[in-house]
Structures are given as structure tokens and as C-alpha cells.
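Undergrad: If you want the building blocks of each chain, they are given just below.
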Amino acid sequence: MAMKVYGDGMSACVARVLLCLHEKETEFELVPVDLFACHHKLPSFLSMNPFGQVPVLQDDDLTLFESRAITAYIADKHKDKGTDLTRHADAKETAIVKLWSEVESHHFNPAVSAVIHQLIVVPLQGEKSPDAAIVEENLEKLGKVLDVYEERLGKTKYLAGDSYTLADLHHVPYIYYFMKTSHAGLVNDRPNVKAWWEDLCSRPAFLKVSPGLTIAPVTN
Amino acid sequence: MVVKLYGQVTAACPQRVLLCLLEKEIEFEIVHIDLDTLEQKRPEHLLRQPFGQVPAIEDGDFKLFESRAIARYYATKYSDQGTNLLGKSLEHRAIVDQWADVEVGYFNVLVHPLVMNLVIKPRLGEECDAALVEELKVKLGVVLDIYDNQLASNRFLAGDEFTMADLTHMPAMGYLMRTDINRIVKDRANMNRWWEEVTARPAWKKLMKMAGF
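Which chain is which? The protein sequence lines are A and B, in order.
Counting from 1, one number per residue, gives the positions in the first sequence under full-length UniProt numbering.
Counting from 1, one number per residue, gives the positions in the second sequence under full-length UniProt numbering.
Isolated chain B (complex conformation) (with noise of 0.2 Å):
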């Protein structure tokens, strides 16, 4: 049987479980919810995730949501097939959730509100707050320089193998690169050679394409 995924092919969150999905050349099947809509606020949805949001699995009986919650749990189940993303012992396990965990605290809680700004709320037609935009950059140019330092002395953020700490990153930072402000990564040179090379893996390549990019 084929893990359904709910949710939107364009939205950050979903994408997370599919880049997952695909590294671990796990089959999958989307089922649209959509966005634009506010589908993900009716009842129907908010069976599947009652805090009305994307994405959602199920996967025959077993039903789960939280895009992070989701990937691992496929990267746990699937850990002798495709890439492995979590780490070879429990150390490096451990390193692996830490960089993982930086993206809830620090990363995403800034690049969340500054993709709203400068992406979703000129889609909408709503107003950009352009202070709001400024504080964000400096604060993430911060937290930038401390992931270039780490990019430094480690081919990715947890090491020399590409893991869950790094995909987890990527969805966000694929919207963040499209905006004008994305010389905040361009600039940081370890930043970028990161990207670059994460970016040229063949299950990115897929999940764009299928997102229309």
C-alpha cells in the first residue's frame, strides 16, 4: 500500500515529507489539499490534523501529521533503504536531531515570517511589513554566520554525510533563495557551497519539478 500524503506540492511543509519521501525511494501519492481555499479548515481536514494544517499521512491504518515527526518516521522505517538520514551511532544520531532541532529554534522561526512577508502576503494581495522584514534579516544574518562557521570545517551541517539536518532546511530556504533577499546566503560563502551541493542532489530535482519550479 502507497503512503498518502495531504497537502499542497508548492507548500513548505509537505515538501519536507516528500524530499524525505524520495530520498528514501519510498512510493507515495498526493492528495491535493488546497491552500488557496482554506481546505485545510474544513472538518474533513481537520479530522486528519486538527490544527488545520498540511501536511498529513496515511499509510493504510496508521495515520500521522507534523512534517517532522512524519520524515523521521520514514527515515526510521526505511533505514536500509535509500540515503540514511539519521546517523550512523547514537552520537552522531544525536548531532544529527540537534541541527535538526536549530531549525525549529532558530532558523525556521525567522525564515517563516519572512517568507510570509515577502512571498504569501503579496500573493494574497496584503501588505508587506517592510520594518518587520528588516529586523528579521539582521537577526538571521546572525544565525547565518553561525551555520557558515559550522559549513566551515563540516562538508554538511552534521558532518560529512548529507542527513535530516540538512533536508530539513531545504523547503524553507528553496522559497528564501527565490526572494531578493537571498544574497543573505549568497554572501556566506561556506553557505552557499552548501547549497549548491544539496541542491544538485537528484531527489531535490524531482520535488521541484513536481512543485513546478
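The shape of chain A in the complex, shown without the other chains (with noise of 0.2 Å):
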């Protein structure tokens, strides 16, 4: 039986976890969770996800969510077949890809997912404007992530060595809605950045996942 994916292809967390199927050339079906119609704070839905948030994976019995954790999963359950995203041949070699994977979880996820939410989910939600203040404080902070990653793909072709792993793959749907934004520069300017979202972006996998990532931001 094929793997069951809840959530919309609109959301980040969810874009991830297809981005890692597609590379792992598994098949899936996407049930659809109306985000705006707050079903996934249904019963029905907690009952999956105490947290009320997509995407939840079903594989047969086992029910999982947190994104991260369900790439990890689908990654190491089928590490004989596609991308290989986790090095898992070396141990060392995976425990420098959980590395990066923990620095974009850690380091670059609050900072872009700030910016992300005030320009773009806010607006939506109709009744506020976005925080500027927010705005500026973390896209500083999203500014010296990006220092730290400029150095280091100077090093190395992606984040954890030569080969693209889950550590790049995490970032890529909340880069790519970041790249709508006005701020864009902070990947633009950034030469050895800028080539590897160039990359990132190119892959099959990710021309099959970007026509679902629909929101648009309101730019300022």
C-alpha cells in the first residue's frame, strides 16, 4: 500500500516531506487537509497529530508526524533506492548530515519562518499587518546563518560535503518562498549561496513539488 501523506502542497513543512518522497522515488498519495478550513484542528485530525499541524505521514500502522522525522524515516527505509540523503554507508558521514540538518532546524528555520510568517501568513489571516520590527530582527539574523552557509559551501558543494542530502533538502520550500519576497538579496548577494539555490531549485524532484507551493507573499 502506498504511503499516505496528509496535508497541502502549499505548505512548507508538507512540500518537504514530498520533496523527500519524490527524491526517494517513492510513491505516495497526498490526502488533502483544508488548511483554511482549520481541519487539521479537528478530532479527527488530533487524533493523528496532538498538535493539530500537517504534514502526518501513514505507512500501513505506523502514523508519524513531524516533518523532519518523516524524512528521516522515508529516507532510511528506502536508503537502497533513489537520492541517497542520509550517507547512510558512513556513519560519520550521516552524523555530519544530521549536523546541518540540526543547523537549519536550529539556526535558519526560526529566523526565515519569522520572516515567512509576517510577510506572507499574516496578510493572509486579514486583520493585522506585517511586523516590521520582526522583520528586520530576523532577517539580521537570517543574515549571518547565511555568512556562516557562504563559508562553508566555499568548502564544500552542499551543506554536509559533495552530495545533496536531507541537510540541503530541508531548507529548500522556505527558501523558495523566501525568494518571492523583497528580500531576496540576502541569497542574491551571497555568490556561493546563490549557486547552490540554484542547484537546489534545478532538481527534478523539486520542479515536481514547486507548482504546489502557491502562496504568494505581500511584498514591502
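Source of the hints: derived by calculation from the structure; they are not laboratory data.
C-beta atoms are modelled at their ideal positions from N, C-alpha and C, and glycine is treated no differently.
Any given hint could be a false lead.
Claimed, not checked - Simulated restraints, written as ranges between beta carbons of each label pair: (1) B/P202 with A/S210: 42 to 52 Å; (2) A/E137 with B/E134: 12 to 22 Å; (3) A/D162 with B/L46: 15 to 25 Å.
Claimed, not checked - Calculated Cβ distances over 10 Å to all of chain B for the following chain A residues: (4) M10; (5) P32; (6) D34; (7) T94; (8) P130; (9) V135; (10) G185.
The task is to assemble the complex, starting from two chains supplied on their own in separate frames and drawing on the hints.
TA: Written out as C-alpha cells, the structure reads:
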């Protein structure tokens, strides 16, 4: 039976999982969850993810939430097909992949998601305007993170070494949305980061997922 | 050769790694990086950890930072030694990962600023943001209700056994429990039961002794 992903392709966290499934050439079924109608807060959904968020993965009798736990599971279960996303053959290389995945989770994600939330999500909710102070503060943090990336990507083609892994993949959906804002210069002004991003968004798996990333930002 | 851990034994992220090494009965040496004098921001340490934080490890030629990546590496490398922290099957491992990721996205994101305001800022003579603390407490209460529910039908976060999912929470929880908002845990019966059980483990007791608590 094919894996089921509950969610909507416009969600960055869902897209993270879909990218992984495509890279691993794994069949799946996307079960739509209407986020605007708050179906992810209904009891039937909360029984799958008590935090009321997408994505959720079902694989036979396994139900899993947290997009990065899901990608790790898919990458491990199907380690012998598609792209090697974890460098599973060498424990040290696997650890380096995990290291840069943690960097995405702790350093990159909080800053970029705060900016995306203000510039894309808040306007959709209708009542408030983007908080310029929050955007400013997080752009500064993001800039410092991207400085570290710029140096790292001067030494290696991808974050964890010479091949594309989960460490790169996890970044893709939020960078895609970020590049649609008026702050894309943070990436474009850093030549190594820019080249890395251009590589990531030219991958066939990404070209399958990007049509679903449909939320447009309010530029300021 | 012994693992070298660069960090301060009282800091939460180095403690995450130390707790893992203790559970796995792996020998280590701590190289003290003094956070009070911002040693972690100096060029020598930035070579080990470009974000200027602790911990970082050196194990022969192998270098790593990010406490959760380090803990996972040693839990995997020494899977046959000490406590099994990763789960027994692929599916169980995924559930362990799931709750370990919950620690990052839901728990730490609230507890870190709480500890910063209630413990660290006073120590540095800075003013605590009382309004923020109130806001974070409310949000943390909602999250801990979910944990409490999970622990009503599971002995530990990912099932019947102590795993990385529990371990990864413990250092920050330790700080939280030493503040005057610890009722947020104590008043939730299942969370309280879980906390008593995980802190009774010998590895935790050793760590607390090393940290002088």
C-alpha cells in the first residue's frame, strides 16, 4: 500500500516531505487537509497529530508527524533507492548530514519562518499588517546564518559535503518562499549560497513539488 | 582515544551530549569553554563551532557540533553498549525521532526563552521580560497538556522504554524545574511521574553531580 501524506502542497513542511518522497522515487498518496477551514484542528486530525499540524504520514499501521522525522524515516526505509539523502553507509558522514540538518532546524528555520510568517501568512489572516520590527530582527539573524553558509559552501558543494542530502533538502521550501519576497538579495548577494540555491531548485524532484507552493507574499 | 567535549558542564546543550555519553558508558573529557567570559565567541572556538555556541566534540580526527547530532552519532556508533536510546525497529526509531523533533519545535522554542528570562538574565543583572514570561507560560501549558496526554498511555515519550526522545528534554527541563514556575510540570500528574522516573536514572544523577546541582 502506498504511503499517505496528509496535508496541502502549499505548506512548506508538507513540501519538505513530498520532496523527500520524490527524491526516493517512492509512491505516495496526498490526502488533502483544508488548512483554511482549519480541518487540521478537528478531533479526527488531532488523533493523528495532537499538535494539530501538517504533515502527517501513514505507512500501514505507522502514523508519524514532524516533517523531519518523516523525511528521516523515508530516507532510511528506502535507503537503497533513489538519491542517497543520509550517506547511510558511513556513520561519520551520516552524523555530518545530521549536523547540518540540525543547523537548518535551529539556526535557519526560526529566522526564515518568522519572516515568511510576517510577509506571507499574516496578510492572509486578514486583520493585521506585517510587523516590521520582527521582519528586521529576523532578517539580521538570517543574514548571519547565511554568512556561515557562504563560508561553508565555499568549501563543499552542498552543506554536508559533495552530494545532496536531507541537510540541503530541508531548506528548500522556505528558501523558495523567501525568494519571492523583496529580501531575496540576502541569498543573491552571497555567490556560494546563490549557486547552491540555483542547484537545489533545478532538481527534478523540486520541479514536481514547486507547482504546489502557491502562497504569494505581500512584498514591502 | 577519549571523546573531547568543548563546553561548560552547567549549560543545557553540553549536558545533552554528556547525558548521552553517560547513558552509553562512553569515556569523555570536558574541555571547559567559559560562557561567562564569552569564550565561545573567540576565534579559537569559532573554528570548532562557526555559530559561536557550545558544545562541539573532537574524537580523533572527527569533529562535530549541534548537541542533538552529536548525541545521535554516539547513540548509533555505540548501539550495542549501554542504554539503547534509538528504538528497536525502523518504525520505533521514527517515533523516537518524532518526539525528539517535538522537543525542538514545540518545547525548546518556549523553554529556552523562559530559562533565559528566569535564570540567565537575573544572573547577568539584566531585566526579565515579565510579559513575555506570562505569554510563554500559557503556550507551554498547552504543549505540556499534549505531553501529559501522551504519557498517560506511555511510560516514556516514545513508548515503554527510555530513549533519546526523553533524554533530549532533560537538560532544559532540569533548569525549568529549578525555577518558581515548576508547578507547570508538577501539576500535571503524568508529566510529574515521568520526570521523577527519568531523573532517578544513574546517568542523570552523575550528570547533576558533575554540574554541581
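Undergrad: So is A/P32 really clear of chain B, every C-beta pair being over 10 Å apart?
TA: Fine: 22 Å to the nearest Cβ keeps A/P32 off the interface.
Undergrad: Compute the least Cβ-Cβ separation between A/V135 and chain B, then decide whether it is above 10 Å.
TA: holds (19 Å)
Undergrad: Decide, holds or violated, for the assertion that all CB atoms of chain B are farther than 10 Å from the CB of A/G185.
TA: holds (22 Å)
Undergrad: Are all beta-carbon distances from A/P130 to chain B longer than 10 Å?
TA: Nearest chain B Cβ is 20 Å from A/P130, so the label holds.
Undergrad: Would you say A/D34 is clear of chain B, with no C-beta pair closer than or equal to 10 Å?
TA: holds (22 Å)
Undergrad: Please check whether the beta-carbon of A/T94 is more than 10 Å away from every beta-carbon in chain B.
TA: Non-interface label fails for A/T94: nearest chain B Cβ at 7 Å, not farther than 10 Å.
Undergrad: Has the hinted range 42 to 52 Å been met by the Cβ atoms of B/P202 and A/S210?
TA: Because 51 Å falls inside the window, the suggested range holds.
Undergrad: If I claimed the Cβ atoms of A/D162 and B/L46 lie 15 to 25 Å apart, would that claim hold in this structure?
TA: holds (24 Å)
Undergrad: Confirm or reject the claim that A/E137 and B/E134 have a C-beta distance inside 12 to 22 Å.
TA: About 21 Å separates the Cβ atoms of A/E137 and B/E134, which means 12 to 22 Å holds.
Undergrad: Is the nearest CB of chain B more than 10 Å from the CB of A/M10?
TA: holds (19 Å)
In the structure shown, a violation is registered for the earlier hint numbered 7 alone.
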